[in-house]
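Novice: Here's the letter readout for the chains.
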Amino acid sequence: MTSARHGHRARFIGLVGVAQALGGCAWDSRMSTVSPASDLARSILHVYGIITWATIVIALVVSVTLAIALLRFRDRPGGPLPAQIRGHTLLELSWTIAPALILLVIAIPTIQVIFRTQGPAPKGALQITVRGWQWWWEFRYPGLDIATANELYVPAGQPVALRLEGPDVIHSFWIPRLGGKRDVVPGRINHITFTADTPGEYWGQCAEFCGTSHANMRMRVIVLDHAAFDRWVAAQRAPAPEPSGDAADGKTIFARSACVGCHTIRGLSAGVLGPDLTHFGSRKIFAGGMLPSDAENVTAWIVDPPKLKPGSKMPAVGLTTEQARSVAVYLLSLR
Amino acid sequence: MMATHEVALGHHAREQAGVGSGVWSWITTVDHKRIGILYGVSAFVFFLVGGIEALIMRMQLARPDSHVVGADTFNALFTMHGTTMVFLAIMPFSAAFLNYMVPLMIGARDVAFPRLNALSYWIFLAGAIFLNASFFVGAPPNAGWFGYANLTTKQFSPGANTDFWLLSLQVLGASSVLAGVNFIVTILNLRAPGMTLMRMPVFVWMALVVQFLIVLAFPPITVGLIFLMFDRFFGTHFYDVTAGADLLLWQHLFWIFGHPEVYILILPAFGIVSEVLPTFARKPLFGAPVVIYSGVLIGFFGFGVWSHHMFAVGMGPVADAAFSIVTMLIAIPTGVKIFNWLATLWGGAIRPTTALHFAVGLIAMFTIGGLSGVMHASPPVDLQQTDTYFVVAHFHYVLIGGSLFGLFAGAYYWWPKITGRLLNERLGRVQFWILLIGFNATFFPQHYLGAIGMPRRIYTYPAGMGWDFWNLVSTIGAFGIALSVFLFAVNAIWSLRAGAMASADPWDGRTLEWRTSSPPPVHNFDDIPLVLGRDTYWREKYGRRAASASTEGGSGGRGGGAAGAQTEAYFAAGRPPTSPPAAAHAIHLPAPSYWPIIAAIGIGVAAAGALLHVAIVIAGALVTVVSLFAFALEHHRNPAHVHQDGTLGIDHRKVAMWTFLGSECMFFGTLIATYLAYRGRSVVGPHPHEILNIPVTSASTFDLLMSSLLMVLALAAVQRGDRGQARLWLFGTALFGLIFLGFQAYEFTSFIHEGLTLRTNLFGSTFFVLTGFHGAHVSLGVAWLVTLLVLDLRGRLGRADAVKVEIAGLYWHFVDIVWIAIFTLVYLIP
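Top line first, the protein sequences correspond to chains A and B. Using my numbering, the first residue of the first sequence is number -14, and each one after it goes up by one. Using my numbering, the first residue of the second sequence is number 2, and each one after it goes up by one.
Keep in mind that the hints were calculated from the coordinates and are not lab data. For each residue, glycine too, the CB sits at the ideal point set by N, CA and C. A couple of the hints might just be wrong.
What the hints assert, rightly or not - Incomplete in silico selection of chain B near chain A, CB under 8 angstroms: (1) G315; (2) P687; (3) E691; (4) A822.
As the list claims (entries may be wrong) - Computed list of lysine-lysine pairs in DSS-like fashion (alpha-carbon distance at most 30 angstroms, straight line): (5) B/K655 with A/K292; (6) B/K155 with A/K298; (7) A/K269 with A/K298; (8) A/K269 with A/K292.
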């Protein structure tokens, strides 16, 4: 009896869950493709909407016809053989032409949007170079001499021109709310142009399978108003702040360990295989955007990266937890 | 006509023809029905394997941040799931029905080349086992079923994982192309008297289209895989960006195959539905010619849309727009099929059997998959949907909602014909509803998951993305699918033990397979039936009513006049029509053979050797070559095999050779196109103009052209029966071929001396692989000519064998023509 009641309750909770999920079928979640926040994403949604409605209408026509046929034309025992109709030219012509017309309705806005969204970037667009690495994102602002990782800062209302470069394997750059994806192909240069509407944080991740930790290759775009963006630029252009105390120890350890081979900290090291850490402390996430930047995570990461991120190209460099903590404190001080 | 099967050989051959039931009889069988069953059972086993892989993935994804499996395991699971379901489950399921039913439906006694048919099966099995052996050595493929280069190159995938994948795909491809050639010849050349092309059942038509797709679409991926193999094993640069390679090369080659592959997977199911609906609506297929034409059009357009898989790679707006429009055009013939199926049901007398349930399920579910396909035919929309769960939902609606529902319809429909027993209809309907619900619970939410941004191929996801709940639902649904498959297995086992016995025609069928017993005798039909129109067996049963209605119909009236007159004649005679009856003892059936399985084992050993030691490769290749020779010469002197003229009035072997050469055109076309695409992209020398020796190559080209002339003389001599001349010219042709190979050896060594090897640059890679494969074809041709010469010397190449020289000649001339293309494009054009 108890278990029966328990069962009822579980079922009830289940139903509530379904209802909640359906009712709140949130279309504006972090990586929604149908909640646009840029001109590019809105252009896409325009076509998306037309096609969706067209397909729903066709699906309804087919399913209603099918249902009627199944209900009406059952075999009755002893009934006569149905008329052996082998075809009807006019009917068949009409259901060849009708889909063609519907496709025309879809094709026209499609072609318009293809050409509208793939044109050259407007003058005055902010130029940013995007590089997809196994398994993190590098963003360089060539005009501004800024390099960052996994967090892309752009101003609202200003066109942004991304230049996609692939240093290792194929990746795909995708921030759903800001627009469709574009592959990052080694040996080719691809472009995305968009203008973000309003300040906010937009999430994305690599969309082309790129090896072991493909799932851990995430990123965020932080859209700022103009003033805030200018402040961010100024802060990023400034040299790395000089550490003190524990952080100073961390700097020493960093400077004499293998870290410098892959990472740049302006004024200290010039490695290029890993993210530029000059302003590491200003980032909310690290390790391909899979972990929040706090002392605990960064320490654990430095001790054994592949443990946190399968296949990580950054090896354990043989630092003790103690040393790693100092380095973490140092890195987080680089604001 | 049908000489293969009707030349009297006495009881002996018939007793040989694998009527036994032991394991040996299955290993050596060449009976298309048994091979069909072998395909079906193997496909079901691999279908279970692929299904278990899917269930593990769904368990991992049921919750965020879960640890059921790790990243590498998950990546291997989705790679193997895709590869298995495409190549080891759905394709062989279709092959099972194709093998069993096509000869029955066209009124034939077997396929055109029964032993080749067995060879295809065993090669398939060797490839399938080899692929799955990767699990046991801990190196399952893990770069995705479309294995995008350069992730698959040695630099980024150093393990044997990708080697297993690329080797087994080549083995499976060989199996498919051999079967493709065989079935094209069978369908074109083995039709019963009166079975014109437009009278063929739609399933047979779809089988024909699919075989053409296989024969033409596999060579591009084979070439792509050969490049990958050379990159990984021999250090070439086809996918090496630093050497100037373009990574889109692989994507183009893969999808030129990959998109037709989609139709290879779905068209057989469309064919099955086009048989099941008319039977259970008791009404002819509405607008059958239009359904056939639309299938042909789908196949044709299928070759022109591959780049819609590549909208995100940045091909530019013009290419995007063009491929978008062609892709949308495919929706038209596809839609026409659906409407014609609806019209078939409309006005019918529908019997709701399990088979009909699945067929109707296909219409409804495939419509959803087709329409979501139209959505990503639009590049802007595709850029939001591709590589997300929306696409995962889409292609599962096509491949489960389309292919699998169709295959289940076929299973319930044809099971009694194959086993002689009925499946349980009530359990079948339960299975249908569980599958329908489980399938929709699994995949419908994935549309939503994709729309809110869940990428495919991620082994885990963080909480808080809004993806948790529907992933859980999807996982629960997947177990519904598993339950349904389990119930099918239960039903099958129950039926084999205790199912009701099936009559020859349990469904009141319309096509020829229902005209013979269930299961059919080894020789299929005692008398080859005479075909009087579409749905010929229905006409036989229902007579005037069925036949007269046919001439009133709109588009069904095609060819009705002549058929009508014949029909009148036989209804007047009052007995079913057959061709002149052949006495049972006069039916020649092909003898069983163990060479196919030995050849396949050799191929499997060679593939394994590629991962172990070159000596094993050589041993495997040797076994294969020896068994293929034994295979070819096994029935060399069998008088039943002398004349193989079929429906087209052409010898089977000639039709086969023409078909094979069509496939070869795609093969060399791809190699030459790659050479041209990579011309001028090498980042280091030597470059072509510095090294190509045009005078010497002109001489070798002239030599090869002259060999073609000698080949013509040789054939003429054999046809005249002039053995002296035949020997002379066959020898001459082979000699000229050898001289050409000598030139090539000289050229290759001098290039190597001048510092150009496979590994030097892109020019070296493309040049040596292209001309090397041509040289290999010439070598094969020389070996073939020498074999003919030896036969001649032993007095076994008479006038009756002229066709053997003729097909060797066709091959030889083709190889020469390819050389002229290579000479022009590689050597002459600067």
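Novice: Work down the list of hints and note, for each, if the structure agrees.
Specialist: Each hint, compared with the structure:
no., hint, verdict
1, G315, "holds (4 angstroms)"
2, P687, "violated (22 angstroms)"
3, E691, "violated (25 angstroms)"
4, A822, "violated (28 angstroms)"
5, B/K655 with A/K292, "violated (61 angstroms)"
6, B/K155 with A/K298, "holds (16 angstroms)"
7, A/K269 with A/K298, "holds (21 angstroms)"
8, A/K269 with A/K292, "holds (21 angstroms)"
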